[in-house]
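So the sequence lines, in the order shown, correspond to chains A and B.
Letter by letter, the first sequence follows residues 15 to 694 in our numbering.
Letter by letter, the second sequence follows residues 15 to 694 in our numbering.
Hints are supplied without guarantee of correctness; some may be wrong.
Same chains, same names: a pair is fine if it fits in one copy or spans any two.
To be verified - Simulated crosslink set (SDA-like; lysine to any residue; CA at most 25 Å straight-line):
(1) 447 / 43
(2) 470 / 672
(3) 250 / 400
(4) 350 / 71
Honestly, the hints are just simulated from the structure, not real lab data.
In case you want the letters, here they are:
Number of protein chains: 2
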Amino acid sequence: MAEKNTPVRPPTHPDGADGRVRAVIDAVLPIVDGGRFPVKRVAGEALRVQAHCFADGHDMLRVMLRWRSEDDAHGAELPMKPLGNDVWQAEFTPPAIGRYRYTVAAWVDAFESWRHDMARRVELDDIRIASQIGALEIAAAAERANGVERKTLARWGMELHSAAVADAADATVLKALALDEALAALAARYPDRRLAAQYPLELPLVADRDRARFSSWYELFPRSTATETGRHGSFKDVAARLPAIAAMGFDVLYFPPIHPIGRVQRKGKNNALVAKADDVGSPWAIGAAEGGHKSILPELGTAEDFRHLIAQAAGHGLEIALDIAFQCAPDHPYVKAHPSWFRWRPDGSVQYAENPPKKYQDIYPFNFESEDWPALWAELKSVFDHWIAEGVKIFRVDNPHTKAFPFWEWAIGEIKRQHPEVIFLAEAFTRPKVMHRLAKLGFTQSYTYFTWRNDKQELTEYFTELSAGPGSEYFRPNVWPNTPDILHERLQGGEPAVFMARLVLAATLAANYGIYGPAFELREHLPREPGSEEYLHSEKYQLRAWNHDDPGSLAPFIARVNGIRRDNPALHADRGLRFLAIDNDQLLAYAKRSDDGVNVVVTVVNLDPHNVQSGWLALDPASIDCEAGHPFQMHDLLSNQRFVWQGDRHFVRLDPHSVPAHIFRVRRRVRDEREFDYFQ
Amino acid sequence: MAEKNTPVRPPTHPDGADGRVRAVIDAVLPIVDGGRFPVKRVAGEALRVQAHCFADGHDMLRVMLRWRSEDDAHGAELPMKPLGNDVWQAEFTPPAIGRYRYTVAAWVDAFESWRHDMARRVELDDIRIASQIGALEIAAAAERANGVERKTLARWGMELHSAAVADAADATVLKALALDEALAALAARYPDRRLAAQYPLELPLVADRDRARFSSWYELFPRSTATETGRHGSFKDVAARLPAIAAMGFDVLYFPPIHPIGRVQRKGKNNALVAKADDVGSPWAIGAAEGGHKSILPELGTAEDFRHLIAQAAGHGLEIALDIAFQCAPDHPYVKAHPSWFRWRPDGSVQYAENPPKKYQDIYPFNFESEDWPALWAELKSVFDHWIAEGVKIFRVDNPHTKAFPFWEWAIGEIKRQHPEVIFLAEAFTRPKVMHRLAKLGFTQSYTYFTWRNDKQELTEYFTELSAGPGSEYFRPNVWPNTPDILHERLQGGEPAVFMARLVLAATLAANYGIYGPAFELREHLPREPGSEEYLHSEKYQLRAWNHDDPGSLAPFIARVNGIRRDNPALHADRGLRFLAIDNDQLLAYAKRSDDGVNVVVTVVNLDPHNVQSGWLALDPASIDCEAGHPFQMHDLLSNQRFVWQGDRHFVRLDPHSVPAHIFRVRRRVRDEREFDYFQ
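Excised from the complex, chain A in its bound form (with noise of 0.2 Å):
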């Protein structure tokens, strides 16, 4: 039978494991570019894992789901459990922030399989040889045991042997015996495990602090904050504002760069190329005489300061969050002491940085080809130390999309090795594989284009996609509303309802999301000029004082919706959105689910600020875990107003000059009549 032509060469395994391994483990997921980058979740979250595994056959299969910490080599193992059609599910919840890595291993079982193929034995004689051919696993089960467990085993091996072959032997006694639930856990515990396969990639996973997964921002200027119109505002003057966003219900306090901002090309009020001798200019054209990224502008206050400041924001349950923005005014002291970083022209000039179609003559860019660059990514990665080191545990970083991917993923893979409670919020308005790149390499959050995104149909489809969609395994969206850059045509009009609208759609679709106020609650809306998104007279160039006391002020409407993201966990995640179909096209409705199950709820917004609007709202009382054909309570945490619904199909009506929303507590019927409300 020997061939002659083909040379022989050794058969093995494709995976250069034992040419014996059947067990096959085709896909892993959740999965990112095949491993390439982590998926991310919060600790106390818990990862649901599945893996695709089979063998050849019918033999019976066993697979085991690997997860440690990266600082552990050992780690932990569960069963996974079959879901049908080869797929294989278990869980397991990251304990503490860090990173993680998960794998599976899977093998043919030759003592379940025995098992599943005694269980169908009818016949005595087959039974004999089944039980045979059991004992002698039993009796390998019971080899790789130790004490009283490996006694026990060999025991029964052996009754169940003697039982097999006694010329009396009986069908229902040996099936009986061979088939013991008790012994058969027991011997499960000791699989033979020579033969198991075992995923290639050890997949890895970063485990967040809660407010990756849960925040509430307010960015404001703190420049803008004195109390006397004109004067420069300083960290003091945040202080005393602080009870306030409190109240509101926000948790994140961000600020615009907080560094001395440049003289050379300062812009003037509204943008303008020529500064008047007492413009502020944009704090984004950072760095002066008085220092770089590691600086505090003077007017805001001393380093001393601004720790103080921290500690008493965090008194009232506020983090500070810090822009950082890599990229220096000319008079930055960088530019000097580091000509190299800068891509320098024929005639002596840098080109000034751009983000088309926006133009920063104030600002130069760094040259991320500069030969100099293992320099220029220790200084820019020292800039996040130093605040880190200052207290700032969350950092808002502008325009990552302009500088090198590599450096991003290098700075924040070491500084979250070193601090992995750090939250970066990539603000790239930009491609969307490039965000999704940006919060690949390990941006915690990500800005959406939820600003752009107004009507029923692009609401729908992109929070389904950021919601439900492949990204949504490490895309992290926070929604703005508004923010300095962006006032919205939307807005422009100014009308209250637009304003709740789109504040009760950030805070209800998203679990992060943010305002730029006060300009979001006192409804600042006029822009630069006709067709612009840019504010009018805004603080980006120009101190503002604001009238905190305005009567249309939003901030007990906003305070409202911040408490009923709180009390609800529903709203604390990103997953378990489902839009709800209603006959309406002004009216959008969607359901948000707890993980598990508890608290649900449904929110419906009046898309127009100017008629009423209502509509047949389908709701299965099933999807929400609610008794079909019995009532189930409604209660509009809004207006505090209950509404009992029954069956599949609901009214709702919404008129935007009160309130343009519902968001409905689902309280289910309880038939315990101790309860005081017969709905919970």
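Based on these hints, arrange chain B on the given structure of chain A.
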């Protein structure tokens, strides 16, 4: 500025590259399981590759597709073009059968970036500066060039510099010189690639021969080809059938196993557990005293006869395909020679093979957990080697999912390394992920669920998945309306319209299809018992004689359909399938389009064998490259009738009592009056 707490680790590019490598290659597609398995095409068929590439900021990128034969360390490269949304695309055509690799390189191109910037400049001062920068880029390109080109570039650079610094510089003249198209094209041939990013994987591609993608199979039992009832057919009898099979338009003639058949536990007629003395047994109970998998059942003929038959078949354009079933009758020579290849039970028996619910009492399975697995694998592979040496290049593999997966990956890989022309068809009617794994690990074609997909909705979903789902990169369906194991319920009525409709569906939905004949063309339709999918008097267990002269034979119809397949390139691939809306659930309509768009075939099938069905078909002329607002001709290649259609909706009516299908070739209007026909 030095940091206190952070131990200094020198910055490193996460991909191990120079830190100045700014281009990002985020994804290269198609990719199967992160590059673990190859994509499949045929030689001469283009592979379209996409890459998601970008860099920070707004510089211009250049992206190259690199590909090579696995035997060639170098290969070729070609530029990829941007499609928008950071997707770049190029295609290459593997010129010959074999294995290939492809990957992508990308870099930020300083010369292109400068040109792009230059084109936007309007101020003379800006143009002067930009020209000087350009002169430096051009001089650098000259350094990378040789000979005349070097001189040409160097001269251009010097001229541009001189013009830029001249007192009398003129914006228009300077810009024209800077943006010279021909010189730019020359400079672009010498890019600075020192900081190119390289995708870390070289992705595999298998290029098969044409028949892997487009084939028409005819299965028959050689032993049932005798012209006299009761005589055992032989290869000589098969030879007599070759002209008729070729006339039906098939190109693969496939035999169930041709080896000696076991006598121990031989099955009788209709799968009887006890055979009579003259029963011939199942060809899948392989091996007896006369030999095993490398031997031929003496009644069929000699090895010489077989080789002669292969040559005769080739003369008719037919390739012989063999069924390789790795299993043994109890009296197969392997059982005595290699007892370690089987799993022996305590009573000295081997558990017979099963593929639930089927039981094969006449068959021993191999034990792939044998400690002697290297010898087992080598021997099984040598079975293929043996038949390849005899001239067989196509194998249908019986139940590959009941043999260890790593064996197949190794064996097919080794065989195709030496014989890349060999085609393996996986006969795995099993769970989806298992079937896909077999396709990934090397099987060229795969059996499908087509036999059980009969209604409009299920056919639409299944063939959309097969032709356009992610599996379409590696899973090539081969669809069968019947097999010796499957007489589907729908065929059991015997109506010609059902057989014709199923044939048309198989032949036009899939590029690879087959029938089990003569049972198919002679409309054999009685099941062994009601509710069974087994044929009554199945050829699997007995000799049959067939009346090829039956006037009801579908042979002429099959010949017509296969002729249409041969003549229409749209039917030679699975890609290019699109289902068309038609307002009748008994009518299924779809268009297939050749890669170059020239050939378009529209098929409409009446799924109701009893009633005339009609409906309005939606077909936008633009979607088939016909002029909107002008008539186009639909040439029914089955009836040779021609219909002139215009507009978007078209009336179709099919009578199952004549022919239950249209197979239209779209003929577009030709304006050239020299054409005999205005439609071609």
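Structure versus earlier hints, numbers of those that do not hold, lowest first: Result: no hint breaks.
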